[in-house]
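Engineer: So you can see what is in the structure, the chains are spelled out below.
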Amino acid sequence: GDSVTQMEGPVTLSEEAFLTINCTYTATGYPSLFWYVQYPGEGLQLLLKATKADDKGSNKGFEATYRKETTSFHLEKGSVQVSDSAVYFCALTGGGAQKLVFGQGTRLTINP
Amino acid sequence: EAGVAQSPRYKIIEKRQSVAFWCNPISGHATLYWYQQILGQGPKLLIQFQNNGVVDDSQLPKDRFSAERLKGVDSTLKIQPAKLEDSAVYLCASSFLGYNEQFFGPGTRLTVL
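These protein sequence lines map, in sequence, to chains A and B. To convert, note that position 28 of the first sequence is 28 in the working numbering; the numbers rise steadily by one, no gaps. To convert, note that position 21 of the second sequence is 21 in the working numbering; the numbers rise steadily by one, no gaps.
Hints were generated in silico from the structure; no laboratory data involved. Some hints here could point you the wrong way.
Stated by the list, open to error - Derived lysine to aspartate or glutamate pairs resembling EDC-like cross-links, with alpha carbons at most 16 Å apart:
1. Lys52/A with Glu101/B
2. Lys15/B with Asp57/B
3. Lys56/A with Glu69/A
4. Lys77/A with Glu63/A
5. Lys44/B with Glu63/A
6. Lys78/B with Glu101/B
Stated by the list, open to error - Here are the simulated distance ranges between beta carbons:
7. Leu13/A with Glu14/B: 40 to 48 Å
8. Tyr39/A with Thr111/B: 33 to 41 Å
9. Ala17/A with Asp63/B: 22 to 30 Å
10. Gln45/A with Ile38/B: 40 to 48 Å
We treat Cβ as the ideally placed atom computed from N, Cα and C, and that holds for glycine.
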């Protein structure tokens, strides 16, 4: 079945550092790919998405590019802030199904 | 626009007791999902409704879990009887029909003692 593998956490960085969180997937067909973020005490929020190969999703300074050849959707940000501290989930929908298949999540902590 | 509402936000019960969670989706969203998120893991789909019909309940433990969505709006998820391993956050999400962008509620954190 479809699956998502994320970089193990937790990840701790200093403010203004460069961020990469790796995500790879296994899916039949052509999935849509997502990054969701869960801030402390809040629900899951969609951060960005890409629906076809070579698409780049972006939001709030975060970017991720749908790479079909490497089955990856790595999340990047050039300069992180303390407010980016959260748990980040990579996910996909595919095979005609609308259900989201999530990775295990990566906890990110940014120190001032 | 109001988001997905869930209640209660927290629930503590003893094993073998029953519990129910309620979800009110965003107005106009025909598709409703219940996910289970165990600590340290990503959410896992339990059941998906389209209007008031079930689309996917393949991962719902039907011997103890049940869900309904009467009139195609609100939904209730029930666990009876609860086990220790049911301790998790139960997330409700909704989307427009045919759209893959889902909007999540704040979740209900269940602790089974």
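Engineer: Taking the beta carbons of Tyr39/A and Thr111/B, is their distance inside 33 to 41 Å?
Structural biologist: 22 Å, violated
Engineer: Under the criterion that the straight-line Cα-Cα distance not exceed 16 Å, is the pair Lys52/A, Glu101/B satisfied?
Structural biologist: 15 Å, holds
Engineer: Honestly, do Gln45/A and Ile38/B meet the 40 to 48 Å range at C-beta?
Structural biologist: Violated, since Gln45/A and Ile38/B (Cβ atoms, about 20 Å apart) do not stay within the stated range.
Engineer: Could you grab the alpha-carbon distance between Lys15/B and Asp57/B and see if it respects the 16 Å cut-off?
Structural biologist: 24 Å, violated
Engineer: Quick one, are Lys56/A and Glu69/A close enough, alpha carbons at most 16 Å?
Structural biologist: 15 Å, holds
Engineer: CA of Lys44/B to CA of Glu63/A, is that 16 Å or under?
Structural biologist: At roughly 25 Å apart (the allowed maximum being 16 Å), Glu63/A and Lys44/B break the hint.
Engineer: Lys77/A and Glu63/A were given as a pair; does the straight-line alpha-carbon distance stay at or below 16 Å?
Structural biologist: The given pair, whose Cα atoms are some 6 Å apart, holds under the 16 Å limit.
Engineer: Need the status of pair Lys78/B, Glu101/B: alpha-carbon distance at most 16 Å?
Structural biologist: Violated, at roughly 26 Å.
Engineer: 22 to 30 Å was suggested as the range; check whether the CB atoms of Ala17/A and Asp63/B agree with it.
Structural biologist: About 48 Å separates the Cβ atoms of Ala17/A and Asp63/B, which means 22 to 30 Å is violated.
Engineer: Are Leu13/A and Glu14/B spaced within 40 to 48 Å by their CB atoms?
Structural biologist: At roughly 42 Å between Cβ atoms, Glu14/B and Leu13/A fall inside 40 to 48 Å, so the hint holds.
In this structure, the hints that do not hold are numbers 2, 5, 6, 8, 9 and 10, in rising order.
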